Amino acid sequence: MPKPGAKPRKASLIEGYRPLPGVPDELLDASGAMRPAWAPLIAHLDSLSASDLVSHVARGEQYLREAGVYFRRYGATTLGERDWPFTPLPIVLPEAEWAQIAEGLAQRADLLEAVAADLYGPNRLVAEGHLPATLVGENPEWLRPLVGIAPRGGHFLHFLAFEIGRGPDGRWWVLGDRTEAPSGAGFALENRVASSRVFAEHYPGAHVHRLAGFFRAFRDALNGLQANASVLSGSKVGILTPGPMTDTYYEHAYIARYLGMPLLEGADLTVEGDAVKVRTVSGPVPIDVLWRRLDSGWADPLELHDNSYIGTPGLLSAIRAGSVTLVNALGVGVLEAQAMLAFLPRISEALTGQPLKMPNIATWWCGGSAELEHVRAEAGRMLIGPALATRLPFETDGTHALGGVLRGDEGPFDDWLTRNASGLVGQELVTLSTTPVLVGGRLEPRPMTIRVFLARTPQGWVTMPGGFARIATGTGSGTAAIAMAQGSSVADVWVLSDRAVPEETMLSRTAHPFARAEGSALPARAADNLFWLGRYVERTEGVLRLTRAWNARLAEDGGAALLPEIAAFLQSYGIDPVVPMPPGLIQTLGSAVTSASQIRDRFSVDGWAALTDLDKTMRRMGSTVTAGSDAALAMGVLLRKIAGFSGLVHENMYRAAGWRFLTIGRSLERAATMADVLRVFTAEDAPTGSLDLAIEIGDSAMTHRQRYPVTTRRESVVDLLALDAQNPRSILFHLNELREQAEALAGQPQAAAPGTEFGRRILEVQTRLALHSPESLTPEALATLRGDILALSGVLGATYLM
Amino acid sequence: MLYDIRLNITYSYASLATGGRHLVRLMPADIPGVQRLIAGHLDIAPEPAERTDRADFFGNLCSDFAFRAAHDQIALRLQARVQRLATGARPAGSAPLAELPGLVAATRSLDPLAPAHFTSPSPRVQPDAAVIAFARHAAAADSLTAVEALGRAIHAEMRYDPEATDVDTPMAEAFAARHGVCQDFSHIMIAGLRGIGIPAGYVSGFLRTIPPPGKQRLEGADAMHAWVRAWCGPEAGWVEYDPTNATFAGRDHIAVAHGRDYFDVAPVKGVLRIYGGQSSEQAVDVIPLDGAMRA
Chain A
1 MPKPGAKPRK ASLIEGYRPL PGVPDELLDA SGAMRPAWAP LIAHLDSLSA SDLVSHVARG
61 EQYLREAGVY FRRYGATTLG ERDWPFTPLP IVLPEAEWAQ IAEGLAQRAD LLEAVAADLY
121 GPNRLVAEGH LPATLVGENP EWLRPLVGIA PRGGHFLHFL AFEIGRGPDG RWWVLGDRTE
181 APSGAGFALE NRVASSRVFA EHYPGAHVHR LAGFFRAFRD ALNGLQANAS VLSGSKVGIL
241 TPGPMTDTYY EHAYIARYLG MPLLEGADLT VEGDAVKVRT VSGPVPIDVL WRRLDSGWAD
301 PLELHDNSYI GTPGLLSAIR AGSVTLVNAL GVGVLEAQAM LAFLPRISEA LTGQPLKMPN
361 IATWWCGGSA ELEHVRAEAG RMLIGPALAT RLPFETDGTH ALGGVLRGDE GPFDDWLTRN
421 ASGLVGQELV TLSTTPVLVG GRLEPRPMTI RVFLARTPQG WVTMPGGFAR IATGTGSGTA
481 AIAMAQGSSV ADVWVLSDRA VPEETMLSRT AHPFARAEGS ALPARAADNL FWLGRYVERT
541 EGVLRLTRAW NARLAEDGGA ALLPEIAAFL QSYGIDPVVP MPPGLIQTLG SAVTSASQIR
601 DRFSVDGWAA LTDLDKTMRR MGSTVTAGSD AALAMGVLLR KIAGFSGLVH ENMYRAAGWR
661 FLTIGRSLER AATMADVLRV FTAEDAPTGS LDLAIEIGDS AMTHRQRYPV TTRRESVVDL
721 LALDAQNPRS ILFHLNELRE QAEALAGQPQ AAAPGTEFGR RILEVQTRLA LHSPESLTPE
781 ALATLRGDIL ALSGVLGATY LM
Chain B
1001 MLYDIRLNIT YSYASLATGG RHLVRLMPAD IPGVQRLIAG HLDIAPEPAE RTDRADFFGN
1061 LCSDFAFRAA HDQIALRLQA RVQRLATGAR PAGSAPLAEL PGLVAATRSL DPLAPAHFTS
1121 PSPRVQPDAA VIAFARHAAA ADSLTAVEAL GRAIHAEMRY DPEATDVDTP MAEAFAARHG
1181 VCQDFSHIMI AGLRGIGIPA GYVSGFLRTI PPPGKQRLEG ADAMHAWVRA WCGPEAGWVE
1241 YDPTNATFAG RDHIAVAHGR DYFDVAPVKG VLRIYGGQSS EQAVDVIPLD GAMRA
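In order, the protein sequence lines correspond to chains A and B.
For the first sequence, the numbering used here gives the first residue as 1, with consecutive numbering after it.
For the second sequence, the numbering used here gives the first residue as 1001, with consecutive numbering after it.
By construction, these hints were calculated from the structure, which means they are not laboratory data.
Since the model is a prediction, treat every value here as computed from it, not as a measurement.
Note that the Cβ used here is the ideal one computed from N, Cα and C, for glycine as well.
Any given hint might turn out to be false.
Stated by the list, open to error - Facing chain B, according to a computed beta carbon distance under 10 Å, are these residues of chain A, among others:
no., residue
1, Leu41
2, Ile42
3, Asn123
4, Ala127
5, Ala133
6, Val147
7, Gly273
8, His305
9, Arg320
As the list claims (entries may be wrong) - Stretch-level coverage of chain B by chain A, calculated; a stretch enters the list once three of its residues show a Cβ under 8 Å from a Cβ in chain A:
no., stretch
10, 1011-1025
11, 1047-1057
12, 1103-1109
13, 1148-1156
Chain B extracted, bound-state conformation (with noise of 0.2 Å):
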């Protein structure tokens, strides 16, 4: 599938503000096998006075700026195109669940994909006992076959609900409450996910929406979004699953960034210094340009 991505996001702040410092991780990843980066240009207004683009230890393509000037408003503008390759297709070979943590002992390396990273509690996913037992409940023999089951049982037992959680609620709290987003859902599986034993880590990315039969996509309606990704085993590696659809994730996903949490893969964070509040808007827009394979 080749895709346009459009992504604006604009901070209006109350006041003027100093300098100010950010972080962002917007573009589309290059992986390859799974997903190509054609083109890709994120747009800063106004012009920051220092910019650097590059990798961070997960390899995501970020870009560090800042502003010396006194500004009230930033805009960020994306434009990318990305053959996505992945289908979503179940890999084979996934190891029983029983040897993983042999397994994970096993693998003598640091390197970003090794699943050293994503076994222990990281900063926003801390072990939590009714996730975990919720977990063992959902488990199978199976490491592949036991992360579908927990994406399901998440899906099943949730209730999707974008005004009930905001981007700071702590996961068990939304698990508590059996509501949340992508954001909830994600970091619920990963915890049940690491507390049975699978190394688990979160994906951000953009989900393609397909509009009702006769009806026309609705420009910028479409969100970010995120889903998780388990290690089943060497064999099988690294696979993502996107528990607030109940899917593998395939065609529709073009993922941005990898780390253990949201923490590492925060869209946009900054400091500055302002007096008063600040509002923001995003508009997204995935714009597939092959419609007609559509799977």
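Excised from the complex, chain A in its bound form (with noise of 0.2 Å):
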């Protein structure tokens, strides 16, 4: 019965969706009926209102924002971020599908594979007219110095990605090979969390998938790439990442966090005696197999691009040697020009004597005569361009020709094909399947795409069950091509069992005894990376604290007499408080977003949503904010909001060399400021309301009121912001703090002598102001403290970060 005023059951929302004419779809077949792995899905979307849908939506959008996902932009200066373009419909295929698509990639694979170790062995493929010498000659992928260089372990390919679209037949097509570096698993595992929360009620029982399996066969794959893999002298598997300039940076220290992997970087790393080690707090620590995210090209400017300042020189001599197993081999991108799809399918047949079971779009190099008259002929049916590039199908860029049209500035079409013939490829233009997306509460059609990753594992190539699908932002006419060109959004990809799916976790399930990991060995990039990160973050809050003095003064009667004061000793640091915002406070806190944003594989989720979240509040509030009382109250909510931030990571993280460089970054920065608001503001000639400032900006108001409660002298202000060691804002507290994170550096016990240069520096900086009393400790001999503790930064570096 339904309940009274309950509304009419409301129309399925298949009932409005429309294919495209001629095109094949997702959700409907040929005959128009829903193909039944998309029932349960449809069905749970009837079942929810239009509101319950708006909300369940905007769960997977949270979740999205909440981890921070986001492409990066190159940009001149600056690093940009783009929103992350999710759809929160996925695709869904039954697994006996994806089975067959698992198996023709996997075929593919095996095919790549001895393709590369032709083109970097033998070159019987050349030899035996398979392939043209010049394609692989003028490939600026193909890497002369890799020629004749076996892989550890005897192969080039661990890890692919396959761009594959449904044609107008129904069946799959490969568009486009990914060998070099594949991008977007890591992606597909945030989606997969988006969706799963998108669809929250629906998703545990719904027999999908799961994607940990595969990472799991992966990361133990990794580890058994090891040249002695073995549980007790811990993983020397590193990622390889070009560094944050990439777009894909995101994706990379994603996956090393959720694989447990140091990000590297090519500076990390140093050749030694033909054997790769990390450069860490520790000095140099071996490391055996990278999964390099970073191009072949950019890996050794020793011997590959000599410009690169993102590789590491030596590498190939390591590679040579046989010393370290890189994931993909270097120089594997030579398999990812367009052209060798034209020639893929007869070297399959040549080598195997086997047909590929999925076929790839069809290409014609124009470099043959019959190729290219048959383009000619065909252009109008046809996406023509250069012939080496990598990029797929509906990624256009340069000069290329969509239909017979030429685009760009090259003359006649005809004369333009004929002159660059060997330099061109022609390529069908495709139709390719849409799939559902939600457009205003109703289902629309849209073409799409899928990438599939498959992984080699000791038993073979083991297949993502899902994926990373791209979705057209239009219909681009049926034309998939120019659909995705004009722009596309990202989907999951559900693989849809007949049977309840095991629970997957990454927890291996290898049957040795437990042992405590070691933690892995600091890069120095790293340390140096949060040891600024701490910084900056203090002297952010330093600046908060006096331009919140500045900005009250400005508002109370009788406050003026130390503006000017508190407006030099700002100056001194670059800030002017004149502007209620103070450009100079906003770029001191964007330098600590840039310190920890090359080290996000080391911060949890929620210390980089705090972070960003006050660099974002902080320059919203910039246009805003007045001078006075309101930029007051806005640097008491910024205080509180970094606040936040400190206790997250000092609560939260792991007391590991990591956080100490943080904590000596900050106690160094707290103590170096103190030193010198003491030296102004208790000077003898200070302005009146100067000590009052000095206690309001070392926090301490209550506590110098409960132990001197009669009188504010210079000796008590400072004893209780120099010399009590008890006060977490006082120098000598923090010398302290600096003291005990250089022995734990060092591994030394608390007694011992600290057994670095920066230990016994710190000692005796520590030393000599444990000697003064409050009136010994004049503003001389307050600046020469000062000196003393910032001189510590480049005794650090020297002897932990060089």
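Using the hints, build the complex out of the two chains.
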């Protein structure tokens, strides 16, 4: 019985869904009937009210926002972010169909492995006429210094991605091979979390294959590639990234955290005696396997691109010596050239006697005369572009001809084609299947492609049961190439089992005894960034306290006497308090964000969110806040947010070397700033109110009242803020903190003499300060003290970070 | 011709260099029928922590070495005895220019001498419309004739000026200004040859300088040199032409390394961490041992 007042059953979403004529669709088959795999999801959608649907979709978006999923964009000097264009509705495929896809792609992966081995080995394919020599010789991804080097372990390819789409006949086609450093697997994981949030009521029982098993298998395979894989020696596997300036850095950091592997940049590595080592705060530590997310050409400036600042000099020597495994081997980008698609079908027949189980998009290399004439005749239904481009068919750039129309400034089409024939390929303009997307509470069809990931394991290739789908934002009148070029969003891919699927975790199932993992040594570059993060956050806090004090006095009667003094002090730090939200302050915090962004793999999601929230809030306030009490209030808000960040970090961060460098940065900055504050505001000739200001900056008003109830004197202020070891704002407190961290880093017990130059220098400064009395700590003595503290920064660098 | 070759290169750094890894191609080549390396020794000071002598893809003899101890100077000292057999005579059987693309396509090889390596843009030689137009103007129906004609035209058009360009000057810039040194002349000629369909590459080496009549050979006054090689079809094969001196490379040219352009043969590459600058000095002696046989 429907409840009184219940709405009548609303129409199913599917009733208004109209695929494009003549275009295959994922939701509906050729007869217009819903494909069975979709039925449970559509039924779930139909069970939701319009407002529920909106709020469920918002859950996915909220997750992605909070997780900070974004693409990074190259900019001239700044790092920009772009929102993650997530489409909530997944693409649903039954496992039987997926198994066929996996089988076809595993065959193709083996073929690509054989081609790579030949191109860097005997070159039989060229000698026997299966590949034109110039197509290899002219390919900038074919790296001559790697020719003749067999990779350690015997394999070139370990992790691959394939872009596939469904053609008009309903079959799946390979649109492009991704061999060089395929990205997207981490984004697929994030999409999965988002889609499982959106469909939280449906997903757990929906028999959707989980993704974790794939990553576990790949992680175990990477560990198995080590020369001496043993549980006790600890893993020597790392992920090699080009660094935060690359558009997929977020994913590199994410996957490093997910797999529990260190994220390394070229500058973190050094080659010694043909072995690759990580520069860490404990000295060079060997590394044995690198999952490479850095394009080959940049890997070694000595033998490859000599303008690379992100590579490791000597890496090729180590590879030649067989002392490191790169995943994938350097130089396999040669396989990505579009022209390879013209030859791979025949190469498959030649090498294995087997046709490709899954065809690739029909491609003709115009360097052959018959092929050239075919492309010329059929130009109206082709995309003609550079033969050696590694883009996908719908990612057109540079000069190309679409449907016989030449884009670019190259004269008449026929001349262009003839003149550049050997550098061009023609590819059939395919119509790809559409999949439903939600637009204003209704379903509409959009062209889509799926990126599928394969990993090599000792048992053979395994396929991620799911993937990373790209969905065009428009229909492109049915032509996928056009639609995709106009923009796309991303979606999850659900592979549906007939039965309940096992829950997966990243925990290894191998049955060896538990051994606490040695924390991998901290790369020196990461330590440097943590140190500076600590300093910049602390400096931001110090400046906030001072600008708050300035604005509060601006608003107060009788506060004006101190304004010039505070302003002059701030100006010595590059801050102009007359601007309500000084650009120098925003820059200081921006430097903290930049430092943090270089080490995102070492940060909790919450810590990062707190820092970026602080940054965004400060920038937003920058355009609205007015000088005086308004600004003072704003600074108070920001101070509470910064306390939130510090709390997250210091409450939750594991007490390993990384936390120590962060803490050293904070203590060093706080001690030096306090010395400077005391130097200026406790001087004999400082204006009235200066002592109270110093106490305010030191956040110690309450303590001071309790301990010195009668009067505020220079001696009481200096004692509390410089010499009181119990006050967490005092200089001595932070010198003690620095000493403790230095001793912990040096691995020595508290009582023993500090073993490093850094430790010795801290001890000197600390001892000198401890011998002072409030009277002897004159402004001159404070200036010397501040210089000594700041000099510790250089000593730290020389001890640990060089 | 028999030569003793001595080369001294010194790099001095403004501050101590920490670490440092280098790749050098200085040893004269050993090419059957063209040039024989009778003896060769490359001394590196200070003693590197590691060193590997090997051949690169194109068969060039190279040395990888690295320092771990801090140092403020490195010195490379090469001593080699070389017998040069090539005479600079024109080979027979060069192919018609129009047939070269077909002949390149028919060469099913990626051996170091295969023309497929030398047809396309390479790191330091990108296609340049002005150079290609200049090359078309000089071209001839026969490929070998075209090579010589273009080499002569560049020699006539360009002013040799060691002060005008440096090792990083782009080829197109040197051509636009019509001045430069052997590296610029060679890159321009390579771009021109490739532009008209002739596979072309770069040769680094030494050139014997002949003192003016009655004068002594000045010690250390020679320099490293560069010229061009071009593929004139399967029968004639590779010919070497020196556009700086408008001559085929013969008895006076001693080859060190072959590649697509300067990038593949750079005599010294290095990556190290220093603060401040560096300076270098180079002295080359090409000493003929059978001067009486001078052609």
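Structure-based check of all given hints:
1. Checking leucine 41 of chain A against chain B by beta carbon gives a least distance of about 50 Å; that is not within 10 Å, so the hint is violated.
2. A least Cβ separation of about 53 Å between isoleucine 42 of chain A and chain B goes past the 10 Å threshold, and the interface hint is therefore violated.
3. Evaluation of the asparagine 123 of chain A hint against chain B yields a held restraint, the C-beta minimum of about 5 Å falling below 10 Å.
4. Of the supplied interface hints, the one on alanine 127 of chain A holds, with its beta-carbon coming within about 5 Å of a beta-carbon of chain B, less than 10 Å.
5. Given the 10 Å rule on beta carbons, the hint for alanine 133 of chain A holds: about 4 Å separates it from the nearest Cβ of chain B.
6. Hint status for valine 147 of chain A: holds, given a least beta-carbon distance of 5 Å to chain B, under 10 Å.
7. For the restraint placing glycine 273 of chain A at the interface with chain B, the shortest Cβ-Cβ distance is roughly 6 Å, inside the 10 Å limit, so the hint holds.
8. Using the Cβ-Cβ criterion of 10 Å, the hint placing histidine 305 of chain A at the interface with chain B is satisfied: the shortest such distance is roughly 8 Å.
9. Among the interface hints, the one on arginine 320 of chain A holds; its C-beta lies about 8 Å from the nearest C-beta in chain B, closer than the 10 Å criterion.
10. Restraint check on the stretch 1011-1025 of chain B versus chain A: 5 residues with Cβ-Cβ distances below 8 Å, three needed, restraint holds.
11. With 5 residues carrying a beta carbon less than 8 Å from a beta carbon of chain A, the stretch 1047-1057 of chain B meets the three-residue requirement, and the given coverage holds.
12. Note: the stretch 1103-1109 of chain B has 5 residues with beta-carbon separation from chain A under 8 Å; the three-residue rule is met and the coverage holds.
13. Given a C-beta distance limit of less than 8 Å, the hint that chain A covers the stretch 1148-1156 of chain B is violated, as 0 residues qualify and 3 are needed.
The structure shown violates the earlier hints numbered 1, 2, 13.
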